[in-house]
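S.K.: Sequence:
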Amino acid sequence: MTRLAPPAPSPNPALPALGFSPADRVVIFHADDLGMTEATVSAYRDLMEVGLLSSASVMLPCAWSPAAVQAARDVPESDLGVHLTLTSEWDACRWRPLLTPEDPRLVDGAGFFHRRVEDARQADPGTVGRELRAQVDAALSWGLDVTHLDAHMGAAADPRYVREVAELAVTRGIPLLYPRFPAAGWQAVGLDAGQAAQAEGLGQVLEQRGFPLVDHLRMLPLDQGGDHAALTLAWLRDLPAGITHFILHPARDTPELRAVASDWAGRVANYEAFRRPELRRAVEDLGVQVIGYGPLRDLLRRKLGGAA
0 MTRLAPPAPS PNPALPALGF SPADRVVIFH ADDLGMTEAT VSAYRDLMEV GLLSSASVML
60 PCAWSPAAVQ AARDVPESDL GVHLTLTSEW DACRWRPLLT PEDPRLVDGA GFFHRRVEDA
120 RQADPGTVGR ELRAQVDAAL SWGLDVTHLD AHMGAAADPR YVREVAELAV TRGIPLLYPR
180 FPAAGWQAVG LDAGQAAQAE GLGQVLEQRG FPLVDHLRML PLDQGGDHAA LTLAWLRDLP
240 AGITHFILHP ARDTPELRAV ASDWAGRVAN YEAFRRPELR RAVEDLGVQV IGYGPLRDLL
300 RRKLGGAA
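Start counting the sequence shown at 0; every next residue gets the next number (numbering that gives the first Met the number 0).
Hints were generated in silico from the structure; no laboratory data involved.
All clues stand as given, with none of them false.
With beta-carbon atoms standing in for the labels, derived distance ranges: (1) E206 - T170: 14 to 24 Å; (2) E117 - A192: 16 to 26 Å; (3) A183 - P21: 16 to 26 Å.
The structure displayed is predicted, hence computed values, not measured ones.
Glycine included, every Cβ here is placed at the ideal spot set by N, Cα and C.
My request is simple: use the sequences and hints to build the entire structure.
M.R.: Structure below.
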């Protein structure tokens, strides 16, 4: 299991605003990459029936995104955000921007998003900002009740683009996945000293403006199969206080998934773990509080005076 950075340095002010104590352990169990393949959509439907999964985000440029949005509409308690997409990492299945990019560096020679994050981060911030706004507005126009924003492969979280993302979140009244890391925490996830200081400062500004941020990030592995339920419980037993964004990439085992994703075994293991009712019962027994991004969005909009 992946731990993505050191803990935040102080109690999260969002906890009491949400009705929790500073000592509570609060988790958002979040499914990434919804809409990448049909296998992700059918897995999402299954896991919503089990009831432990509390959040997901859809990749609007992908072919199965309309089915993902429909799945969310079919589940009254769904909590679905936009997985801001600037990369297209697989060989057998590619996707393009929603807009024709003004800066050609946003795409490769075939017109698809770049496979690598490093290449995706060469584009002009203005071009990136327009594409990301188009993705969010497409979700809203389809009737999706968008609860949050996060970044596919972290590409949109690059320091060059994060202010565009923050402005998008403010103008739409939608919270974004942003950790309350100190500078050392940002350096632990790959930023240099200058970028880490900027990231810490932006987090402080966001929190002052009323954005609820998360304290910790965790992610189930994609590079191995096996019993991911046992991995989840082992981590939850040592879970620190605060709000944790827990990432999984669930997908059913289908020929399409195997043809597209080389890490299919890890995705299937993520799915199989969370479709087990006994995992939900074990999480309840551990006293872990499970929420989605809906309450965070409501808190943000109260702070922003009802912006939408």
